[in-house]
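Novice: Residue 57 in this note's numbering is what sits at position 56 of the sequence shown, and the numbering runs on without skipping anything.
These aren't lab readings, by the way, just hints derived from the structure by calculation. Treat each hint with caution, since some may be false.
Distance windows between CB atoms, simulated [unchecked claim]: (1) 140 with 113: 31 to 41 angstroms; (2) 371 with 24: 53 to 63 angstroms; (3) 22 with 192: 32 to 42 angstroms; (4) 118 with 149: 46 to 56 angstroms; (5) 192 with 5: 23 to 33 angstroms; (6) 19 with 192: 15 to 25 angstroms.
All C-beta atoms in this analysis are idealised placements derived from N, C-alpha and C, irrespective of residue type, glycine included.
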Amino acid sequence: MTRDLGEFCARFVAPLLGGGTVHVAAPVRPADFRAMTGGLATLRSGEVAALRLQRAQQLVAEPDLQEPGAEELALWVALYNLLVLDHPDRSRVWARQATWRRVESAARYWLLFSRPEGFSAALANHAAVGAFLELARRDQILSGAEGELRFVGQEIPRRRLRWTVPGALSVREETVTWWSTAHVAEVSALQQDVLWASPVTCLLRPLMAPPGYSPLEGASFLRHRAFARAVCHAWASSRHWIEIGGTVLGSLLFSLTGRPLSGPTPSSGATGAASAGRPMLALPAPVDTAGPEDVAALVAALIHVHFLRVLELGARLGVAPTSRDRPVQMFLALPLLLPALGEVLGSPLGGAAEGLGFDAQVERRWIEYIDHLGELIPRSVVENLLATLVPRVVKAETEP
2 MTRDLGEFCA RFVAPLLGGG TVHVAAPVRP ADFRAMTGGL ATLRSGEVAA
52 LRLQRAQQLV AEPDLQEPGA EELALWVALY NLLVLDHPDR SRVWARQATW
102 RRVESAARYW LLFSRPEGFS AALANHAAVG AFLELARRDQ ILSGAEGELR
152 FVGQEIPRRR LRWTVPGALS VREETVTWWS TAHVAEVSAL QQDVLWASPV
202 TCLLRPLMAP PGYSPLEGAS FLRHRAFARA VCHAWASSRH WIEIGGTVLG
252 SLLFSLTGRP LSGPTPSSGA TGAASAGRPM LALPAPVDTA GPEDVAALVA
302 ALIHVHFLRV LELGARLGVA PTSRDRPVQM FLALPLLLPA LGEVLGSPLG
352 GAAEGLGFDA QVERRWIEYI DHLGELIPRS VVENLLATLV PRVVKAETEP
């Protein structure tokens with residue numbers, strides 16, 4: 002592995018951010034990392050800077066990205082070493098197991114070191130982690146009378162095809178997403194650390210967030226209006242929007258109260274996705290790490306998801322009386338809390354006064370949707386939220 006930052010960026014970082022073909026060779030060592038940090042000033046302009054900006058602009062129109070620093074380089078290097086650890090030809094490399102343990106340990110340290118402080122750093126981390134989650138490889142599969150032989154991310158060697166009878170073998174190509182495939186034990190353990198390094202990614206894809214993650218950790222980013230809009234649309238556009246809402250709200254309440262939500266296991270069907278096995282993300286988090294404004298921002302985003310679905314005429318498609326999962330019921334009940342939260346959060350229809358074009362038909366659909374939820378959700382669920390959640394949101398307005 003070269004210690005030259007320019008070559009590392011050309012062979013890995015730029016293809017990763019730009020959707021090209023990444024090249025993986027020897028692992029990056031701590032000495033290599035220290036050498037590359039000396040050239041970070043060269044990244045202020047050029048291909049990598051443009052690609053970082055382009056990836057961030059896919060989320061917000063005018064991202065305020067800081068120049069790449071050692072923390073962001075540490076994230077790139079850690080992601081690269083994950084691919085090295087998972088390389089299909091790793092067993093052919095002459096190296097002691099202790100060497101691979103050092104590579105794993107260094108990657109874990111760099112992922113911890115790269116955890117962002119502030120929205121700008123978190124957005125830059127998402128540019129890399131989001132692209133990493135999209136990485137795909139092309140496998141070639143050789144089929145014959147004795148079965149199949151898969152060449153992971155590689156072409157079939159010519160020697161295997163040269164002396165075969167024509168028609169006796171068939172070759173097909175399969176594209177697979179790297180993140181979702183089976184990995185070696187070291188990489189499987191490090192995948193959660195990758196997600197911890199990108200709270201923006203966890204907020205956009207809460208169903209992928211690692212165990213122990215609380216949405217409160219990224220809630221302060223929702224104060225950036227463009228990002229809040231992107232999160233709401235990301236949640237609402239998913240066919241699993243109800244499951245996402247239940248996961249986020251359940252995790253939020255778990256963080257605030259320290260008590261898991263109990264309830265019957267939901268039946269698969271009308272909940273947007275089969276939510277059996279849906280992860281409970283959050284462990285009890287100290288409330289003083291997130292202010293009431295953060296709680297209010299999350300609740301407002303979840304309610305806005307309902308409104309976006311009503312605008313798209315898609316809300317009732319996933320809402321039916323079979324939605325008996327407790328977190329899902331609480332998410333579905335959120336619009337029923339608007340009479341108690343309206344002074345703090347406002348109303349989704351408030352945009353009409355700003356000339357956003359919401360007409361009487363939209364208002365009628367929204368009212369009909371809330372009436373439908375009132376018939377669907379047990380009163381005990383609404384009363385529970387009035388007692389546990391509403392005081393924490395209203396506190397945002399009453400505190401100086």
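Novice: Indicate, hint by hint, whether the structure satisfies it.
Specialist: Here is how each hint holds up against the structure:
Between residue 140 and residue 113 the beta carbons are some 32 angstroms apart, a value that agrees with the proposed interval 31 to 41 angstroms. Between residue 371 and residue 24, the C-beta spacing of about 54 angstroms keeps the proposed range 53 to 63 angstroms intact. Taking 32 to 42 angstroms as the suggested C-beta distance range, the pair residue 22 and residue 192 does not conform, at roughly 22 angstroms. Under the hint 46 to 56 angstroms, the C-beta atoms of residue 118 and residue 149, about 48 angstroms apart, fit the expected range.
In this structure the hint that residue 192 and residue 5 lie 23 to 33 angstroms apart at CB holds, the actual value being about 29 angstroms. Taking 15 to 25 angstroms as the suggested C-beta distance range, the pair residue 19 and residue 192 conforms, at roughly 23 angstroms.
The structure does not agree with numbered hint 3 stated previously, though it agrees with all others.
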